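Line order of the protein sequences matches chains G and Y. Those letters in the first sequence? Residues 1 to 302, per this note's numbering, in order. Those letters in the second sequence? Residues 303 to 622, per this note's numbering, in order.
These aren't lab readings, by the way, just hints derived from the structure by calculation. The model shown is predicted, which means the values in this text are computed figures rather than measured ones. Virtual Cβ for every residue (Gly too), placed ideally from N, Cα, C. Certain hints may be false.
Stated by the list, open to error - Partial list, computed: chain Y residues near chain G (C-beta under 7 angstroms):
| hint | residue |
| --- | --- |
| 1 | Leu496 |
| 2 | Met554 |
| 3 | Leu564 |
| 4 | Val567 |
To be verified - In silico EDC-like links for lysine to aspartate or glutamate, alpha-carbon gap of 20 angstroms or less:
| hint | chain 1 | residue 1 | chain 2 | residue 2 |
| --- | --- | --- | --- | --- |
| 5 | G | Lys73 | G | Glu10 |
| 6 | G | Lys139 | G | Asp169 |
| 7 | Y | Lys371 | Y | Glu432 |
| 8 | Y | Lys561 | G | Glu106 |
| 9 | G | Lys62 | G | Glu40 |
| 10 | G | Lys139 | G | Glu192 |
| 11 | Y | Lys561 | G | Glu230 |
| 12 | Y | Lys561 | G | Glu144 |
| 13 | Y | Lys369 | Y | Asp442 |
Claimed, not checked - A few chain Y residues facing chain G, derived, Cβ under 10 angstroms:
| hint | residue |
| --- | --- |
| 14 | Arg316 |
| 15 | Val352 |
| 16 | Arg382 |
| 17 | Asp475 |
| 18 | Ala479 |
| 19 | Asp482 |
| 20 | Ser553 |
| 21 | Arg560 |
| 22 | Val566 |
If you want the building blocks of each chain, they are given just below.
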Amino acid sequence: MSDGPLLVMEDISHSFGAVRAVVDVSLAIPRGTTLALLGESGCGKTTLARIALGLLAPDTGKVRFDGEEITGKRIRRSVRRRMNMVFQDANASLNPRWQVRDSIAEPLNAFRLVARQTDPMDRVEELMQLVGMAPELGKRLPAELSFGQIQRVAIARALASDPTFLVCDEPTSALDVSLQAHVLNLLRGLQERLGLTMLFISHDVGVVRHMADLVAVMHRGRLLEFGAAEAVFTRPRHPHTRQVLPLIPDVPVNAASVETATGCCFRARCPLATARCVAEAPALEYADGVAVACHAVEEGRD
Amino acid sequence: MTLLKVDELQVIVRGGMAVDGVSLTLGQGEVLALMGESGAGKSLTAAAIVGLLPPGSRMKGGIIAFKGKRIDQSNRAGWRKLRGKHICAVFQDPYGALDPLQTIGVQLTQTLRTHQPQLTRALLRDRVAEWLEAVSLSADRASAYPHELSGGMRQRVALALAMAPGPEILIADEPAAALDMPLRAQLAGLMRRLAQAQNTSVLLISHDIRTALAAADRVAVMYAGRVLETGPAAAVLQSPRHPYVAGLIASMPGLAERKHRLPVVSGRMPLPGTAPRGCVFRQSCHNASDQCRAERPAQPASGAACFHPLPELADAGIRA
């Protein structure tokens, strides 16, 4: 139980009405590593993250956290405490009328992590120092802090219950480049110091490159390529990955709306698509430690 | 030909100088990206140019001239004549520009009819279809309401609405900020193509370096109300001479290698009214000298506003 991957997701599918948000996704995150989900808005990244945390029960598939199945169950408090999330809009995730130190202390109270006769504020100070904030700022309201400081408060609160698994959903996409660098450095440093296992979500290729040990490239709810970040970034195989990595400024627009109910979800925009891609959806095939779902790669036409 | 000239613009917000001596020029058919982090003064500069400074702020000094004629002292009627026909704007939130109760076809028709009253109904219908296609939407989308479109589509409709009157200048304030990376690149490319086709000049406000590189001919980078570096987009962004601009670009995670730590720009940008004597960046600058503490470097027509600019590098910064 202690050596296997911390999080395992098997054949996860989930639909919202007619929209298939996640289709047959299987992923495992080894302990102490960061897996980044890379994909455009609406590709199913956030839905998959919510399923990983047990916040959403998938239509089909299983999620195991530290060997224990958590799908569709009421998660025990001792397990729940070990997973947490940092959101894109940190400001909206804090109570505007609470001093930020009370927001940081909330998980301590909710999980009853403060022993009697000890002051929870000692632990809050420790957490604030961990994220590089002066403890005096704890008495401020969110409106009295800068964007960067608010994101640090959100990170401190996410770490309050001493989690082993942290989901970060676009934590820097609302920030300026200069603040983004500070927050990314902080998260990388915390991941290493605390040995966190992270699921990191972003549409920014550069941010993913900086954060990820493993990369999963998603498109329209499906996993198209999955492997060690170094391998995927130095030698991307899937035609979609090859299109998004150099960030070509001019993507054809209308093709995105072409109906692709059958076959490969990327075929409408793929330069390598054939009749087989229209008829049959490719499955993930492993080669050299990277998994790719593409007929062209399988047939050696790439 | 210089279409727009901003000279030594100063804007005061609640007593603090938020824009302090900004000079810009925009030539015919040119795309100029005005860059900088939140609070640097770029949106206020743009708002002053269209005469839409928010309550609590006012122009304190400087000149804004359109085709050689001063416009910053225009009255309401004067501004109304300029806006739409000569100067149009798109903002970050396309919802604000679209009427939720009208189809996008009706909104485009209204805009076209206001500026070209001679068009017949049949011609109007054709023009609406043309504009939708110009922003990569199919003509049958004319019957869609704004809420039926995705964020990227709405922003493209807002762009069509702004461009349809055929303005000479388009002011685009962070049009792509709410969009994801591939859509940002797409919108930037689209804007550039439309501007070229109509010979429209664009002032693009953005903090996104990749968007600026993809869309702009020239860039001006602002910090604490001042322009710290300006020049051709590729030159400034790939071989910056100002220490702030160089630091900003170095802090962007690149694709080639995974660094252990990203370099960061130290210190915080001074808030309006708290900028130090001398150079506004000196408190965060590693090269600051006595001269930087005593005097404020002037903004050059092209290059870095810095007493100790970095050497020109053959291969630095980012690539598109």
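Now the hints, each set against the structure:
Among the interface hints, the one on Leu496 (chain Y) is violated; its C-beta lies about 13 angstroms from the nearest C-beta in chain G, farther than the 7 angstroms criterion. Contact between Met554 (chain Y) and chain G, as hinted, is supported at the beta carbon level, the nearest pair being about 6 angstroms apart and thus within 7 angstroms. The criterion of a C-beta within 7 angstroms of any C-beta in chain G is met by Leu564 (chain Y), whose closest approach is roughly 4 angstroms, and the hint holds. Look at Val567 (chain Y): its Cβ gets to within about 5 angstroms of chain G, closer than 7 angstroms, so that hint holds up.
Under the criterion of a C-alpha separation no larger than 20 angstroms, the hint pairing Lys73 (chain G) with Glu10 (chain G) is consistent with the structure, at around 16 angstroms. Proposed proximity of Lys139 (chain G) and Asp169 (chain G) is contradicted: the alpha carbons are some 27 angstroms apart, above 20 angstroms. Proposed proximity of Lys371 (chain Y) and Glu432 (chain Y) is contradicted: the alpha carbons are some 34 angstroms apart, above 20 angstroms. Pair hint Lys561 (chain Y) plus Glu106 (chain G) does not hold up; C-alpha atoms about 35 angstroms apart against a cutoff of 20 angstroms.
Under the criterion of a C-alpha separation no larger than 20 angstroms, the hint pairing Lys62 (chain G) with Glu40 (chain G) is inconsistent with the structure, at around 25 angstroms. With a C-alpha separation of about 29 angstroms, the suggested pairing of Lys139 (chain G) with Glu192 (chain G) is violated against the 20 angstroms cut-off. Between Lys561 (chain Y) and Glu230 (chain G), the direct Cα distance comes to roughly 12 angstroms. Compliance with the 20 angstroms bound is thereby established for this hinted pair. Of the supplied pair hints, the one linking Lys561 (chain Y) and Glu144 (chain G) is violated, its CA atoms being roughly 33 angstroms apart against a limit of 20 angstroms.
Among the hinted pairs, Lys369 (chain Y) with Asp442 (chain Y) is inconsistent with the structure: their alpha-carbon atoms are about 39 angstroms apart, more than 20 angstroms. Evaluation of the Arg316 (chain Y) hint against chain G yields a violated restraint, the C-beta minimum of about 16 angstroms exceeding 10 angstroms. About 24 angstroms separates the beta-carbon of Val352 (chain Y) from the nearest beta-carbon of chain G, more than 10 angstroms, and the hint is not met. Annotation: interface hint on Arg382 (chain Y) violated; nearest CB of chain G at approximately 34 angstroms, more than 10 angstroms.
With a cut of 10 angstroms, the hint placing Asp475 (chain Y) at the interface with chain G is violated, because the nearest CB-to-CB distance is about 15 angstroms. A hinted interface residue such as Ala479 (chain Y) counts as satisfied when its beta carbon comes closer than 10 angstroms to some beta carbon of chain G; here the least separation is about 9 angstroms, so the hint holds. About 4 angstroms separates the beta-carbon of Asp482 (chain Y) from the nearest beta-carbon of chain G, less than 10 angstroms, and the hint is met. With 10 angstroms as the threshold, the beta carbon of Ser553 (chain Y) comes within range of chain G, its nearest partner Cβ sitting at about 4 angstroms, so the hint holds.
Nearest Cβ of chain G to the Cβ of Arg560 (chain Y): about 6 angstroms, under the 10 angstroms cut. The hint holds. Restraint check, Val566 (chain Y) versus chain G: the minimum CB separation of about 5 angstroms is within 10 angstroms; hint holds.
The structure does not agree with the numbered hints 1, 6, 7, 8, 9, 10, 12, 13, 14, 15, 16, 17 stated previously, though it agrees with the rest.
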